[in-house]
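*Asks:* Sequence:
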Amino acid sequence: MLVALCAMTFNASAELTDTWLFGPLVCDIFNSLDVYFSSASILHLCCISVDRYYAIVRPLEYPVLMTHKTVCFMLANVWLWPAFISFVPIFMGWYTTEQHRQFRRAHPDVCIFKANMIYAIISSSVSFWIPSLVMISMYCKIFREAVRQREALTRTSSNILLNSVHIKHTSHSAHHSHYLHPDRRPSDISPNYSTFTEVGPEETEFGGEVVLALGDICPSKEASPRKSVNISCDTASSGYCSGGSNKRSSSGQPPTGWRPSCSSAVATKELAKAATELNSQGATLRAAGKSWRAEHKAARTLGIIVGAFLLCWLPFFLWYVTTNVCGEPCDTPDVVVGVLFWIGYFNSALNPLIYAYFNRDFRDAFKNTLMCALPCCFKCWKDTGTASFV
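All the letters of the sequence shown, read from the start, carry residue numbers -18 to 371 under our numbering.
Keep in mind the hints are simulated off the structure, nothing from the lab. Just so you know, these numbers come straight off a predicted model, no measurement behind them. Among the clues, some could well be false.
Stated by the list, open to error - Each pair of labels, with its calculated beta carbon distance range: (1) Glu(-4) x Arg125: 36 to 46 Å; (2) Pro333 x Leu299: 23 to 33 Å; (3) Asp312 x Phe54: 38 to 48 Å; (4) Thr48 x Cys353: 22 to 32 Å; (5) Cys(-13) x Glu309: 51 to 61 Å; (6) Leu334 x Ile111: 23 to 33 Å; (7) Leu46 x Pro89: 26 to 36 Å; (8) Ala346 x Ile93: 16 to 26 Å.
Ideal Cβ positions, reconstructed from N, Cα and C, are used throughout, including at glycine.
Hey, can you work out the whole structure from these sequences and the hints?
*Replies:* Okay, structure coming up:
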């Protein structure tokens, strides 16, 4: 808005009337405001890119570094440094050549900004080249971090999905070996859920049985050596196991006198614990994903803004440095100069539209700013609590 009010207005007047109507003093003020607000606008984008870098790439350091004092310091520099390349050198006459100063005295109705080589290099570096390098560097690092975080979230989602499938499969398998024959003495029973049958001290073979090792899980008062017994189980239905035989029950209830195994309670407890951890991981992943999407949506918006900034200002600053370093052999037609100026001005008009379109937080901030600046015009919206004016 400041660029539009203080720079574009005077430039539009000179373009439309083909003359300068406001005298030499206002010409210096106009040139100073033009350089000042354009530089401040670019430096704001640079500071925002640094802020996004710490928020996304180094989030743990962000609350420590980006404090209220840090933000105030950055804003003070954004508004202070442009003054040293605008008002001071322009009003002191340091920005131009002696030949151009004589031309201005002879033609007070002409307002042309003609910089010398030293001023052109210093002012363009502060206003454009250095901020551009910072912004490009920040967004390259943000892009790499975005790719890394997306891959990490994808891997985490896949692991949680596989764990969920594994828990369901384990729960289904454990359902078939929950009951033991009452003749068996209380002992430690450790189920091996693979389909092996023990046929010797060191030999196993595939079969349709489950090997239960006695002396592991359910401690008894009487110490006994570790044993193994073959328990035949029906894995196709809600079966119940018995020692040394192939008794099966296809009903949903255990046979009379049979009791739940210790492994059933342990397995159920472990499955419940695993399910709780899985739900916790899922909730954490969803929260991280939501935060990641919010941060990267803001980064994408600012990336678009930086891209538009480079497209609008790069042609102007290339011309600005080239013509002032090259001198008279590189003179450019006035029409081309006017187009380059207005393309740069257009960037300042484009930024609010990009911010408002892609990010609701910026849209609300613009609304609040306008409501505070023009309370008489926006009082009705404030009273009705309208969420957005864009």
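*Asks:* Confirm or reject each hint.
*Replies:* Taking the hints in turn, this is what the structure says about them:
1. Distance hint check for glutamate -4 and arginine 125: the Cβ-Cβ separation is about 44 Å, which falls inside the suggested range of 36 to 46 Å.
2. At roughly 26 Å, the beta-carbon separation of proline 333 and leucine 299 lies within the given 23 to 33 Å, and the hint holds.
3. Remark: the range hint 38 to 48 Å for aspartate 312 to phenylalanine 54 is upheld by a beta-carbon distance near 42 Å.
4. A hinted range of 22 to 32 Å holds for the C-beta pair threonine 48 and cysteine 353, which are about 24 Å apart.
5. Taking 51 to 61 Å as the suggested C-beta distance range, the pair cysteine -13 and glutamate 309 does not conform, at roughly 31 Å.
6. Here the CB-CB span from leucine 334 to isoleucine 111 is close to 26 Å, well matched to the stated 23 to 33 Å.
7. For leucine 46 paired with proline 89, a C-beta distance near 51 Å fails the hint of 26 to 36 Å.
8. The supplied range of 16 to 26 Å is broken by alanine 346 and isoleucine 93, whose beta-carbon atoms lie about 38 Å from each other.
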